[in-house]
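The hints should help you fit chain B onto chain A, whose structure is shown.
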Amino acid sequence: MKNMKKTTRKLSVTLILAILIFLFALAPVFSDVPVRKEQLIYSILAFVGKEYTGTFCRQDADTFYLMADVDNFITIRKTLVYFWPITQDWKVDTEALNIPFEGTLIIEGKDIGKKEIKQVKYTYYNAPGEYEVNWKVFTGKDADKEWQKYSKIVDAYWKAVEKYYAEKSKYEAELTRLTREITKARDEGKDTKRLLAKLKTLKQPKEPTDKAPKYYVKPVEKAFVLNLPVGEYSVKFINKDGKVMEGSEKKIVVFGKRRSNGIGYDVIPGDKWTRPVQSATPSSVLYIDGTTDLYLRPYYQDEFNDLYYNKMVKNDAKGNPNIMKWVRIQQVPKARVELIKKESSSEVILEKPYYVQQTQGSSLGYKIVPFDPKKYEGRQPSLRAFKVPISRNLRSLKFRLQDKNGKYLSGSDREIRIIVKSNLQIILLILALFPIGLMFIVLAIRGRKYSSG
Amino acid sequence: MNYRLNSTGAIAKRKIFETFISPGFYIALSIGLLLGYFVIGGFVDSIDSSGLNYSLNSIYELIARSLSGAFGETFVIKLFAEGPYLFALFVSFIPFLFYLAISSVFKFGFEKKVGALELITYGPADGTSYFLASFVKDMVFTLIYLMVLLVFFFVSALINNLVLGPMFFYTTVMMIFLSFAFYGYGVVSSVLTDTASSAIALFLGIALFFLIIQMGSFTIVSGYVRNLSTVLAWIIKWISPVFYLDLGMSSIGYGNVPMYLLSMLLLLVLTGGLLLISHLILKVRGVRV
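Line by line, the protein sequences give chains A and B. Residues 1 to 453 (the numbering used here) make up the first sequence, in order. Residues 1 to 289 (the numbering used here) make up the second sequence, in order.
Isolated chain A, as found in the complex (with noise of 0.2 angstroms):
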């Protein structure tokens, strides 16, 4: 009876303390819980030189980052926003509260004065063409003519898909009942004639012609559209009861790129393809191992304020106020990479399709090979770049890019330089201690001196 006192016993403080530990565990999860706090925020979709990026300035921001002669789509609403620890960022919860206002904006600047801006209908989208930022903006009636235009095509697209499938499958089911009728009648020792000449006579249907819009339309919404040259302005909002709201001023800061049409490049290294790593700076040296090819991806770039730009795509982001950034905004069409091994012998290099196969046995692992249409058929080109073919034994060489027309572009030039760890390193450290020596001798040569004078 002692005993089984005793077990009892030990088995709930044991249960205890595992109750205890479990709760501590679960501590955190129920202590990081973000405290949401209703504001009154500006939503900002802004250009940010390629696309449209979507950010917030909450009420204790007191700026907001536009660029400038771009149209940019901002609406004032109430919502819950929140610090999300893990990601180290604000968010907004528009799913709990997400109140729209409307009413009338007023922007002071030097340049403009005092302006009052109208909430309108917009839309945009990024028509396809040779390159890939081709940004339309449509407000008021145009953005309803655009998106009855757009939806117009979808329908009809998805109007001829639905009727295939439905084509396709009245084809199949009556394919089917013929084949099974066949069937039967052979099995039965029936005459077939009639019912193969009737499978004959079926025709499966076509695939639509029309192919679906290969680009998106937004939806018409209604927005604010700031289209401010470079400068310093403030901002707030008006309601419909004619009162300013609470909260609602702000400073804008609207800034240009210092310099356009950068050439960068996305280097690819062919034993680590989805970690492309940048080279932005013009005429920077790229330093390398040599233990793989490289793959090239040049682009045209934009050179914009650090701070500014950063702050622009996230409005909580941080950023260096005094150091510009090359921003990459789309790929340089029919472009073509002249390689430069020795100052005399040249090579011009063609963008390709490659494809990453996994590689067989228990080395796990992959290699880029050329992409085979018939071989990969189906399959899609895992990326199309200029291959740099590399090797230890070369020391550098240097690379630069043309355009379609055979056009070097300025600022494409770089360097890769392969570096293989020298023995020679020690002649370094005598190098840098030989002061040290000298020294010695000097001293040894005053002393010498002193004792002799």
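Rather than coming from a laboratory, the hints here were simulated on the basis of the structure. Among the hints, erroneous ones may be present.
As the list claims (entries may be wrong) - Part of the chain A face toward chain B, derived, beta carbon under 10 angstroms: (1) Tyr299; (2) Glu347; (3) Ile419; (4) Val442.
Unchecked claim - The following label-pair restraints were derived from C-beta to C-beta distances: (5) Met259/B with Val244/A: 52 to 60 angstroms; (6) Pro333/A with Val269/B: 47 to 55 angstroms; (7) Asp89/A with Phe209/B: 48 to 56 angstroms; (8) Phe154/B with Gly378/A: 22 to 30 angstroms; (9) Met259/B with Arg275/A: 33 to 41 angstroms; (10) Asp155/A with Met259/B: 57 to 65 angstroms; (11) Lys314/A with Leu280/B: 49 to 57 angstroms; (12) Arg65/B with Lys314/A: 17 to 25 angstroms.
Please read these numbers as outputs of a predicted model, since none were measured by experiment. Each residue gets a CB set at the ideal place from its N, CA and C atoms; glycine is no exception.
Same frame as chain A, now just chain B:
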């Protein structure tokens, strides 16, 4: 004027000789080169198939993380765009610059305190020729050190297949003029104070103030620190050598050579102004403590 030039030359020669036979110069030289050696070695160790990978070298990872955290990723990318030499130049040169400036400031204060300076002024020299001689000595050793550093970097570039890029050369030239301005502040600190320790304290205070304010305006932390630094940097920019260094470097980064040259000229003007102020102070205060 001629006698002052002669005495400046004579004192400068003596000071250069003294520095050559003292161990401090060689130790500072070795420390600077060793720092450069570690920066270059760490860079070479951090190279993999895709380029510079800081995580391969623990010291570089620490440096890159600290610099990224303070000044942003773009700053670090630009710093190492040509290779390790721009960073190595700063790391190797700045300690040597401080060594030269502080040793001159100390010596000026010490010789003033023991009356050696006063003794000289009874002869053919005056206080101005003394500090000019100090300044000349610092200039000469800066040029010698930069030449040694260039040779060292050149040899390391040959051994490791690295490049001394254009930005490195532009900054090296800029460093000469930057150091002149700092030596100018060293002279002002010396003539303004009575003892060696107070002169060093004043010089370090001025130099660190300029450095911290300029670095503060570069930080990516938003709010009070940067706002204050930006305002202070704007106020003191015309008298801050570090501002001209930033102006010159950012101008050359943008391809604006005239502005780069102008920033060096302005550094010379600042140096000249500081030496003139020192001369006027000495005229009023004299060399006696």
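- Taking 48 to 56 angstroms as the hint, is the beta-carbon distance of Asp89/A and Phe209/B inside that range? violated (35 angstroms)
- Message: A range of 22 to 30 angstroms was offered for this pair. Does it hold for the Cβ distance of Phe154/B and Gly378/A?
- Response: Given range 22 to 30 angstroms: violated, Cβ gap about 56 angstroms.
- Is the gap between the beta carbons of Met259/B and Arg275/A within 33 to 41 angstroms? Given range 33 to 41 angstroms: holds, Cβ gap about 38 angstroms.
- Mind checking the hinted window 49 to 57 angstroms against the Cβ distance between Lys314/A and Leu280/B? holds (53 angstroms)
- Does Glu347/A meet its interface restraint, that is, does its C-beta lie within less than 10 angstroms of any C-beta in chain B? Given a least distance of 21 angstroms, the restraint on Glu347/A is violated.
- Per-residue hint verdict: Tyr299/A, partner chain B, C-beta under 10 angstroms: The hint is violated - Tyr299/A has no Cβ within 10 angstroms of chain B, the shortest such distance being about 16 angstroms.
- Status of the Val442/A interface restraint (C-beta, 10 angstroms, chain B): holds (6 angstroms)
- Message: Taking the Cβ atom of Asp155/A and the Cβ atom of Met259/B, is their distance within the range 57 to 65 angstroms?
- Response: holds (59 angstroms)
- Ile419/A as an interface hint toward chain B, with CB separation required under 10 angstroms: With Cβ-Cβ at 5 angstroms, under 10 angstroms, it holds.
- Item | Distance restraint hint 52 to 60 angstroms, applied to the beta-carbon atoms of Met259/B and Val244/A | violated (44 angstroms)
- Return holds or violated for the Cβ distance of Arg65/B and Lys314/A against the range 17 to 25 angstroms. holds (21 angstroms)
- Pairwise beta carbon distance, Pro333/A to Val269/B, judged against the given window 47 to 55 angstroms: Cβ of Pro333/A to Cβ of Val269/B: about 50 angstroms, so the range 47 to 55 angstroms holds.
In summary, the structure is inconsistent with hints 1, 2, 5, 7 and 8 from the numbered list given earlier, while agreeing with the others.
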